[in-house]
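Peer 1: Quick one: dock chain against chain with the hints and give me the complex.
Chains as they are written, first to last, in the numbering used here: chain A, 1 to 215; chain B, 216 to 692.
Check each hint, because a few of them may be wrong.
[Said to hold, decoys possible] Okay, the calculated bits of chain A under chain B, using three or more residues with CB under 8 Å as the criterion:
(1) 8-20
(2) 48-57
(3) 77-90
(4) 102-114
(5) 137-148
(6) 186-193
(7) 197-203
Bear in mind the hints are in silico, worked out from the structure with no lab data behind them. The structure presented is a predicted model; accordingly, all values stated were derived computationally and were not measured. In this text, a Cβ means the ideal position worked out from N, Cα and C, and glycines have one as well.
Each chain is listed here by its residues.
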Amino acid sequence: MKAFTKHTGLVAPLDRANVDTDQIIPKQFLKSIKRTGFGPNLFDEWRYLDEGYPGQDNSNRPLNPDFVLNQPRYQGASVLLARENFGCGSSREHAPWALDEYGFRAVLAPSFADIFFNNSFKNGLLPIVLVEEDIDELFKQAEAQEGYQLTVDLQAQTVTRPDGKSYGFEIDEFRKHCLLNGLDDIGLTLQDADAVRAFEEKHRQAQPWLFDAIK
Amino acid sequence: MSAKTLYDKLWDSHLVKQRDDGSALLYIDRHLLHEVTSPQAFEGLRLAGRQPWRIDANLATPDHNVPTDNRAAGVAGIEDQVSKLQVTTLDDNCRDFGILEFKMTDRRQGIVHVVGPEQGATLPGMTIVCGDSHTATHGAFGALAHGIGTSEVEHVLATQCLVAKKMKNMLVKVEGELGFGVTAKDIVLAVIGKIGTAGGNGHAIEFAGSAIRSLSMEGRMTVCNMAIEAGARVGLVACDEKTIAYVKDRPYAPKGEDWDKAVAAWQDLVSDADARFDTVVELDAAQIKPQVSWGTSPEMVAAVDANVPDPQQQADAVKRSGYQRALQYMGLEANQPITSIALDRVFIGSCTNSRIEDLRAAAAVAKGRKVASTIKQAMVVPGSGLVKEQAEREGLDLIFKAAGFEWRDPGCSMCLAMNPDRLQPGEHCASTSNRNFEGRQGNGGRTHLVSPAMAAAAAIAGHFVDVREMLAEEATA
Chain A
1 MKAFTKHTGL VAPLDRANVD TDQIIPKQFL KSIKRTGFGP NLFDEWRYLD EGYPGQDNSN
61 RPLNPDFVLN QPRYQGASVL LARENFGCGS SREHAPWALD EYGFRAVLAP SFADIFFNNS
121 FKNGLLPIVL VEEDIDELFK QAEAQEGYQL TVDLQAQTVT RPDGKSYGFE IDEFRKHCLL
181 NGLDDIGLTL QDADAVRAFE EKHRQAQPWL FDAIK
Chain B
216 MSAKTLYDKL WDSHLVKQRD DGSALLYIDR HLLHEVTSPQ AFEGLRLAGR QPWRIDANLA
276 TPDHNVPTDN RAAGVAGIED QVSKLQVTTL DDNCRDFGIL EFKMTDRRQG IVHVVGPEQG
336 ATLPGMTIVC GDSHTATHGA FGALAHGIGT SEVEHVLATQ CLVAKKMKNM LVKVEGELGF
396 GVTAKDIVLA VIGKIGTAGG NGHAIEFAGS AIRSLSMEGR MTVCNMAIEA GARVGLVACD
456 EKTIAYVKDR PYAPKGEDWD KAVAAWQDLV SDADARFDTV VELDAAQIKP QVSWGTSPEM
516 VAAVDANVPD PQQQADAVKR SGYQRALQYM GLEANQPITS IALDRVFIGS CTNSRIEDLR
576 AAAAVAKGRK VASTIKQAMV VPGSGLVKEQ AEREGLDLIF KAAGFEWRDP GCSMCLAMNP
636 DRLQPGEHCA STSNRNFEGR QGNGGRTHLV SPAMAAAAAI AGHFVDVREM LAEEATA
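The shape of chain B in the complex, shown without the other chains (with noise of 0.2 Å):
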């Protein structure tokens, strides 16, 4: 037998039927729900009379639209009338179909891709879809997770599968040690920088290399997070013993018997040594700076100690004028120094960093610094009831609200601005999330993309600066 990669072995261990005209029936098994993409499929259901075909592969909770504070009051505290209806209608959709639903005042509430981690509703070895392009982050544990639209959740209700293509095999290689204060966010930006926005189109990406293996579940969930924004629908990392003992004794984990048994089957969720892959970027991790995205597209990113680009440097047309329409929108200069970019508002939070890792590397940043009083809001966004959780156990809550920050509860929050938290025109933000497309966070708005760490720093300093600096200050002092 030829040689697989993980992705070869996930793909044929849910291969329902191949069929002649080249399309193929995979198997899902696990279906993660939110209310945003999934109202026009229940609705698609109902009008065809269909049920879904395993109600126990779904599970579902509020994210995109909910509020990150006066959380008491549940649905009723909705303001925007528009947001109450789409999270009420998810409320009714899985009360009517008998999909277990982590509702806005259940402590589990949180991010779909924290929540489904979190509980160990995501598994090694799985296939998960979700309505939503981050969903590549569950390729962490070595499962073939991706984001899939709206037509495509109905077609997953209704029969457990999705009509799908195999994609080409992509190996992005990080080789060696990172360098202190450098984060896997760090890591994802620089891949996105060098293979480009499209660079991963039609393939899965594997991360793999010494520099992906050291890093926590936490990282690798960041780094396959964004293999969308390298054009990849599919993230994923081999399983080894760091993801084994992340997901045992989760709620949904395998117990018992049923554990030694799916342990020993996990250990075959890495690519064969001799594997074949259409593409191969590598990366030295030591070289690998903090990073901070300048543009309006996740590759026009650089080191923090690097200047923004100048459009006339630019070769190709297309680009040279994507360059200057992008400066024009940030409103920044070619050859201005990143560290110049002053900010207003600063965002941690996301499916991207929004973790209990992400957390304390911010809080170590804050802890007994002052946010500048030119920053007008400095919030950070734990990614579900549970992280909110362990970061007040561990006392993180009130190191962020000593320096400053605002404390709040669970959401996507600031990341793309469906609920009160967005920014205003012209607003420079320094965000941890994972777009930084025109209007993202708000209307006119300006969304610089960065680590936990550097967010942090820069809230205290009121620009970007280099947080590997700040915190050899702290080391010295």
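Excised from the complex, chain A in its bound form (with noise of 0.2 Å):
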């Protein structure tokens, strides 16, 4: 996994609450068996005034003017902000990786939805929650200023404005950890398979037939 530890980048502010998964990467694109490629069809109702279909040609296509990652003084932001509820919807990890892929590395909101949340870690993709009335005040600071950046430490667990202000958020140690060192989830935890296959013995013992009926 891509390890993230500090970012400074241009600010896209999306101003809509429960934007969920089918629209942060529309269903039909789930239809591929590969990690990558998403990046251009992300947002693809909104950003796109025709429907996409997975394996076209993008570049051609006819773009939404007032959708805001359109806008050309938005163009090769790194960082979303967003309302509450963000990533609400199904399980689909093909939404951080559209997001990954079309180059943001951070996505601030009030609120996250739970499965989305969890994915984005795994995807080097940091989704940092402040409180309301922060996440306002920058809508209206990045909406103002054009060019308006945003710089994310996620050892000191900041985030700073052009102007020095600075909003602390809080993340899981574990998921700190993880994503500061690039971490693969997997080989971690099976530093632990002996513990693993111990709870699994034990369970076996109890509960015999949560075991060999599927074969």
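Peer 2: In structure tokens:
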């Protein structure tokens, strides 16, 4: 997994609550058996005026000029500013894959849906929860100032504005450690393989019907 | 020992290791797989040279991409080459890793959340995961079940564990008796309308109260299925006699002496009387009316006799603009009666409402009536091959066909338009599925979430009607 330490980038404000995973990456693109190739179809239904389909050349599709990511001032954005319950809906990891491939490294919102939140960490995409008032303030600033950038420092757990004001954010120790070092969860869990085996044996003794029914 | 909730008990009984950093390793008993969220996980295993930890914990079936007609040809009958490759990839991965799969031509194939319980692969007291957010469905059995992402699918395959963090406990208590014509779907839509789509974030929701206990297992599955639409990854209902009766004699359920031991163990799958919940929400079942979603989020829901809300009445600016955007997308006017919404298509199916009881409820409305001439398509899609067979034994297919409904083969179908069943831009659909997100049922499509009985009634009338009135006419006729 890609590590995340410190990142400074252009902020794109997406001013909608409850942005769902069907919006982040529509269902037709989930037919892919790969982990890559989703970036051009991020927010596909908002971003383009026609209906997208997997495998097409996206470079000639008509863009929706009203959609925030299509505005010239937000080209190259890598920090997404969002509203409450971002990423609600399905468990598709294609959503963080698409955000990551588009170029986003961090998403800031007052709240996230649980599964999306969890999936993001597995892909080096940092979801940051700030209180609603702070998010509101960032929306105002990002919309008012062209080229508005934020600096996210994972080690220090801060988001810093161009004027120097900082917001602290919470993150689980385990997730922080994995993200800072780009660690693969599976490798870490397998370090505890003996504990898993010991648990499994006890579990099997107590509830044998949980084992070997499906062959 | 302090009192525990059902969720606490399930968590504790599967805790392999509590780490110092606050994370935990949780043992997973059952892993369900389908074609959409697994290919990258299998690819990850291959790249790392890993094997599944425990083959017998896994069960797979294709559901999202499969067409719901002309199924005799199997995979070869999938016209969309991208879809076909995804289904073939599941077949290949299951074969290579030795995982049992109910393939497209297997009579046990169906929507993974219908198949698991039907086969007894879902048992009380289990931990169950699947790369699909509607895995919450299985919580109806007193099992800890939730959706996971593809990285976690790979993690569970490789380690039989999840790295997890304990959620908070929420109790949704629905007391009293449901009115005539009001169903499990209406309960859960009313709950989502009350607490919002983010209301359950960070929580495991236990549904309790006399109205929940009165529901059949099918009804409980419908309620737990949509816990995720209230933001909760986990929905739960305590285990009781109905749970045990449903599970008994299913193919993968314990037998003989194991059965007796299992039933004894399952008696404890209830929250202790004095268990503490972080959040408690109460609803009066008698006050719940048939529900219809009018917007683009499952919390945008109203009773059938209400009007579409007026965004101007919303004090919160973010909510107001969300309502405005939703009405624009849905092509609706503020304050128009829900019953004035005309439909183009009707979809009865999905992991929420495609079980036998759902089909019976829809058939009871359809019987002796005709789908309105203004409806372009009304389809009934059973949740599995076995549900289809049972419905046909009961003659439900004949009722549907006589009324003008299409009788299809099992799959996710129009719930998410990854297969040929979908809406055209601007079309309104009365749907028994779970999400009314923009484009969910097809680009530009307009979804209204309802119960199977309400969907059937809408098909007959051509617009939303109060199914209680339609059924009452019958009773007095």
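Peer 1: Count the residues of the region 137-148 of chain A whose CB lies closer than 8 Å to any CB of chain B, then report whether that count reaches three.
Peer 2: As far as the region 137-148 of chain A goes, the hint is violated, because 0 residues have Cβ atoms under 8 Å from chain B.
Peer 1: If you look at each residue in the region 48-57 of chain A, do at least three have a Cβ nearer than 8 Å to any Cβ of chain B?
Peer 2: Contact hint for the region 48-57 of chain A vs chain B: holds, 3 residues under 8 Å.
Peer 1: Please verify the coverage claim for the region 8-20 of chain A: does it have three or more residues whose C-beta sits within 8 Å of some C-beta in chain B?
Peer 2: holds (count 5)
Peer 1: Quick one: see if chain B covers the region 102-114 of chain A, three-plus residues with Cβ-Cβ under 8 Å.
Peer 2: holds (count 4)
Peer 1: Against chain B, does the region 77-90 of chain A show at least 3 residues with beta-carbon separation below 8 Å?
Peer 2: holds (count 6)
Peer 1: Count the residues of the region 186-193 of chain A whose Cβ falls closer than 8 Å to any Cβ of chain B, and tell me whether that reaches three.
Peer 2: holds (count 6)
Peer 1: Verify the coverage statement for the region 197-203 of chain A against chain B, using a C-beta to C-beta distance below 8 Å and requiring 3 or more qualifying residues.
Peer 2: holds (count 3)
Checked against the numbered hints given earlier, this structure breaks only hint 5.
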